[in-house]
Amino acid sequence: MTFWERNQLKLAPFFFLAPAILIFLIYVIYPIIDSIWVSFHEWNGMDKSNLKPDGTPNWKWVGFKHYIMLFTDDEEFYVSLFNNIRWLVFSLLAIPIGLSLALFVNQNITGMRYIKSLFYFPFVINAVVIGVIFTWFYNPRYGALTLVLGFFGLDPIPFLADENLATYGIIIASFFPGIAYTMILYITGLTGVNREMIEAGRIDGASGFTMLWHVVLPQLKPATLIAVVVTIVGSLRSFDLIAVMTAGGPWGSSEVLAYKMYQESLFNYRMGYGAAIATILFLIMDIYIAWFLYRLFKSEKTEK
Amino acid sequence: MKKLLTLIILFTSTVVSAGNLIINSNQSGASSKAGFDAYVDAFRAAHPEVTVVVNEFEHEAYKTAIRNFLTAEAPDVAIWFAGNRMKFFVDQGLFQDVSDVWADAGLNDSMASSKGSLTVDDKQYGVPWGYYQWGVYYRKDLFDNLDLNVPKNWEEFKSVCAMLKKNGITPITIGTKYLWTAGGWFDYLNLRINGYQFHMDLTAGKVSYEDPRLDATFDHWRELLDAEYFLEDHASFSWQDAQAPQINGEAAMYLIGNFYVPTLEEAGVKDKMDFFQFPTIVEGVGVAEDAPTDTMHIPSGAKNVEDAKKFLAFMSNKEAATNWATMGGMLSPNKYADKPTDRFSIMGAEMLAAADDIAQFWDRDANPDMAGAAMEGFQEFMVKPDREDKIRARLEKERARIHGAL
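From first to last, the protein sequence lines stand for chains A and B. Letter 208 of the first sequence, counting from 1, is numbered 208 in my numbering, and no numbers are missing. Adding 1000 to a residue's 1-based position in the second sequence gives its number in my numbering.
Worth double-checking, as some hints may not be accurate.
Stated by the list, open to error - Not the full set, but computed from the structure, chain B residues with beta-carbon under 8 Å of chain A:
1) Arg-1067
2) Gly-1093
3) Tyr-1178
4) Asp-1233
5) Ser-1236
6) Pro-1368
7) Asp-1369
8) Gly-1372
9) Glu-1376
10) Gln-1379
11) Glu-1380
12) Val-1383
In case anyone wonders, no lab produced these hints; they're calculated from the structure. Small disclaimer: the values here were computed from a predicted structure and weren't measured. C-beta: ideal position from N, C-alpha, C; glycine also.
Go ahead and model the full structure; you've got the sequences and the hints to work with.
Structure below.
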């Protein structure tokens, strides 16, 4: 028996995995490590060996300077961080709204299929298009919101021009596709709900909210889990809507970490500083994902 | 696909090279592309021995692409912008000195007005091909209805604003969502109050943002803000959004560049519109105007420098120069070029010819990092004027980080 014949079964999986692992290493792992490396340097994105007019090289080791600057000397960083937290907390509202919509459309009425697909429609539209639609909607001179408010005799609310409201204005726009997505998750979840359990619950006297809370929701746990994960990761990645709706404004008040990173590295030629922001965002996501995986494994163990 | 094609062209061209002249262009708009093509054709006719290869990029994508191709695979000619945008690459040693082209082709005479914006340490690093004026585009019909005259100084300007406002018309429209329109206002107020040299020192980072001379600039701006002469909620609007009130006849004046004219034509209100120069504020201060200049450069990595210099020197040909600029909706920097025929271009050309100095524009004169932070500050000031001290302190901190302590 040759070596190959003896170990074929053990080795084959590695050969099958190799291309994927290689690509993952080149396109995911290497850029992460490289970004972290760049964050310890001052770099304007130009030829690394060239000199700047003041005689210092384009590429210069600065250690933790960028991180220290971010935390001690950059108000905008805290604005972005705080906005990220707002995104994280408020975008979760999409989940209960999606659930109630799912419960609403989960009825056997003729034509419900079409209504379902209408509700799902926003998720199919590109985020940039949604951003443009909501920018028009909020337009304080000609927008639909202004017309509606005017009908009730109220003054227009310049959502996107107000430093305190801009972020909320964008989060509300993000609900548009977010609710559609959680709704579809819950609709599929609801088809898997055990009828017998509902019958049993009914016999025991549960109805309405108690039925939902104690009988239906526990069975929807897998759907809830995915909805929470996708919503939170989506909120940390939020970028496109901000770029389209406010460009981070007014005066930077609706920036989030991802947008600030883009701004610093591509517009201000501060690659190192941008990389430091990216690294912090990466750490935040990591902590969250690690915690989440820990919870997931723990709950799977107890179920067994 | 286009990118792939460009790559193939770049690759093959470097192999064949020698007689080929490779040009990277950002003239992607229909009218500007036609203008550039006409210039290239005229050059081909005059220099049949040179084979011209043009790589065309989309205008916005070009701004990030140029950093890569200048270092990696340099063309022989690259189109770009004057002022600090050019200086950044000059400092990196990526653009060549073309002072000899200026001397040999007589550009020192014919392009004298733009020379300053292409000069670093007494050497020229590029040749201009077009520029356009900034100023106040206003609704003449609204002015006539109220018997208003074009304001020549600050007091007249304010009284015009007051009259318009009293009659329910927004005096000044502006959309500051993308910030640079606020930069235009700061440019003009500061140029009219503190003059060109101070303004240039400020954009070069040599003056503090807390300098007392800037107080007057912000105070004048504040007079307009406190009286609420600007369009309400302007931070929600892009510069295009802000056109709507003026086109609808709800707003009277707009401080903007000549690229506004095609929109006016499309909207069918061009006949109702007119143009005036930003009014004098402090008597005796030299008249400086914003006139962003678009340029051509020879990268340091160029392989066919000889033909590239011919291409740049061809700007001294007045027909070719006129054609390119006017077809692209701009003015030719060549003073012997034929006079423009469009009403707004004529006014612009006359105004700029009489100007003592020409500035590029806030975000082309200042370092990109500083320009962005400052324009954000200007936008904030326009909405929350009470934060002036805080904003200026923040800008000064940014300036010190970028340009060093004074």
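Q) Against which earlier hints does the structure fall short, listed by number upward? A) No hint contradicted; all consistent.
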